[in-house]
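Those protein sequences? They're chains A and B, same order as listed.
Residue 214 in numbering that gives the first Met the number 0 is what sits at position 215 of the first sequence, and the numbering runs on without skipping anything.
Residue 46 in numbering that gives the first Met the number 0 is what sits at position 47 of the second sequence, and the numbering runs on without skipping anything.
Since the hints were made in silico from the structure, they are not lab data.
Check the hints yourself; a few may be wrong.
To be verified - No more than 27 Å apart at the CA atoms, straight line, and that leaves these computed lysine-lysine pairs for BS3-like: (1) A/Lys421 / A/Lys284; (2) B/Lys32 / A/Lys421; (3) A/Lys151 / A/Lys242; (4) B/Lys19 / A/Lys474.
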Amino acid sequence: MSAKKLNLKDKYRLLTRDLDWDFSYEDRKDAFPFEEFEGIKITDWDKWEDPFRLTMDAYWKYQAEKEKKLYAIYDAFSQNNGHLNVSDARYVNAIKIFLTAVSPGELAAHSGFAFTGRQMGGIGARIAAQMQSIDELRHIQTQIHAMSHYNKFFDGFDEFSHMHDRVWYISVVKSFFDDARSAGPFEFMVAIGFSFEYVLTNLLFVPFMSGAAYNGDMATVTFGFSAQSDEARHMTLGLEIIKFLLEQHEDNVPIVQKWIDKWLWRGYRILTVVAMMMDYMLPQKVMSWKEAWELYFEQAGGALFKDLERYGIKMPDYTDLIKAEKEHLSHQAWWTFYTNSQATAFHTWIPSDEELDWLSEKYPESFDKYYRPRWELAKEMAEKGERYYNEGLPQLCQTCQIPMIYTDVQNDPRDIVYRSTKYQGERFHFCSDQCQHIFENEPEKYVHAWLPVHQIFQGNCGGPGGLEKVMDYYKLDVGKANMDYVGSPDEERWKNWKGVA
Amino acid sequence: MATQALRADYHGDGKDTEDKFHGAILVYINWDKHLFFYSAKAFPLDPNMPFAAVLEHVIGTHFCQHPEYKNINWDTVEWTLNNEPFMPVMEKSLAENGFDHKCLLRFKTAETSSFEAAGI
Ligand SMILES: [Fe+2]
Ligand SMILES: [Fe+2]
Ligand SMILES: [Zn+2]
């Protein structure tokens, strides 16, 4: 007897909702021990609407096809020395940041969604989270493969996984995902599924992928296309989780609001590096950070929060501050990395005259007044043979772990914002009211943050013996992967390949 | 507020308590409105060190890269410690001057220079 072919509807039911079972002799609460401690109330998991409408077998089939195409293009890229087609070797530093700081986030997301894909009580939500978990694993793998070609020709890529647990600026991204993964399943879903994937993803992936397209980086562009349909699914899951939680019980509303306030802020702080990448690292610019924020957050995000109003959800009240910061963010970040480039796994440089003019035009409120003069001074110093590298180590924010670089943009942009609080007799410092509130809501979670600067002073980063030891501990190839682009081996090789003196 | 945790006894052991710095206290120092140094700098310092030594060997070596540093008139500098007005006594130690672990020392200079408007 041949197997009966199922119609689509039956197949969908059998391969999704029907995979669940009833608990006849075990307590259901023991099977889902994480479901209640966050205070979220679920009254009926059957109200969950499957966001993907996709069964596992179809999922595997689609993904396998995408992989096949992707790797065929990577092979062609490699065989044709695709790295020679990028706009300029400076560009490659943007994807060094991508591999060291963004890609490990994919792996963290993979593990987080595997957790929620096990721990949420509803089968529909579990299956969706499991699919996303596998997507995220695919993303880090395909990103590593996309970058592996560049790794043969440029410095700064090879120790990305070793660096992830150690290097001062990478700790920012690591701590972000550690924070989310050590929360309960629902906070994780609001943090990464909604706030990051739904609200902010267009400010992370679109800039990197269109940056790649504008700058001739076919490997990254192809990865971007391959991930696009995954990301579309992730966004629908992010939106479904929010609507589901808000519709389940009114007591969920203030909890979800608190999480949105926290995670949009934490996500926004991470985007500092994207702002800098867009404004300073792309030889062929796509748009300014300010324009991207206006387009993807102020317009698109504004419409989303209008939509969520009917559930009683409000736009976080700090968005006016972000609006004011958009004039300053990228400039403060690039200056920080430029002056600390002796300890970065990528190169930095002084913007060209044309780039300075572009920045003046894009940032009429701030650039000529506050930031152009810094670059003029840096230029003066470099021309005297005294390229400026800042001595010493910065003070860090206890929550976001970013050096305390943010200034009081709404009053005097020359003043650094200082916030602090005492907890159990110890003083903790913050870059903003928001980072302080996050700490004060859950101090026990942040008092044991691994702050790179303090760890260096405690002797935990290669032992005592100065910055040299720390660089060994980071496996940072001093003189090759770091310092100014001008005079770097990257620059020298590029000039050789291109036949310019 | 309590951390939302699975176990009621969840707690974090402070990673940066004073006992972990081999006898030093952490001191953050900033030269206000001089973003040439993009943020305050962190230093592990011996609390028995006289303030004058901090001025010479810590501030003197870590802020001197600024082209205007040599023009500072230290007699007119305004200090704050943990954001409160503060008058350092040069020959007294940090501890005697009221410095504690993870304190923030800021100084404001009066010089007008071409950098001032830009906050460099
Ligand atoms: Fe991803
Ligand atoms: Fe995603
Ligand atoms: Zn912060």
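How the hints compare with the structure:
Between lysine 421 of chain A and lysine 284 of chain A, the direct Cα distance comes to roughly 44 Å. Violation of the 27 Å bound is thereby established for this hinted pair. Restraint check for lysine 32 of chain B and lysine 421 of chain A: satisfied, since their Cα atoms lie roughly 26 Å apart, inside the 27 Å limit. Pair hint lysine 151 of chain A plus lysine 242 of chain A does not hold up; C-alpha atoms about 46 Å apart against a cutoff of 27 Å. A C-alpha spacing of about 25 Å is found between lysine 19 of chain B and lysine 474 of chain A, which places the hinted pair at or below 27 Å, so the restraint holds.
Going down the numbered hints, you'll see the structure goes against 1, 3, while the others check out.
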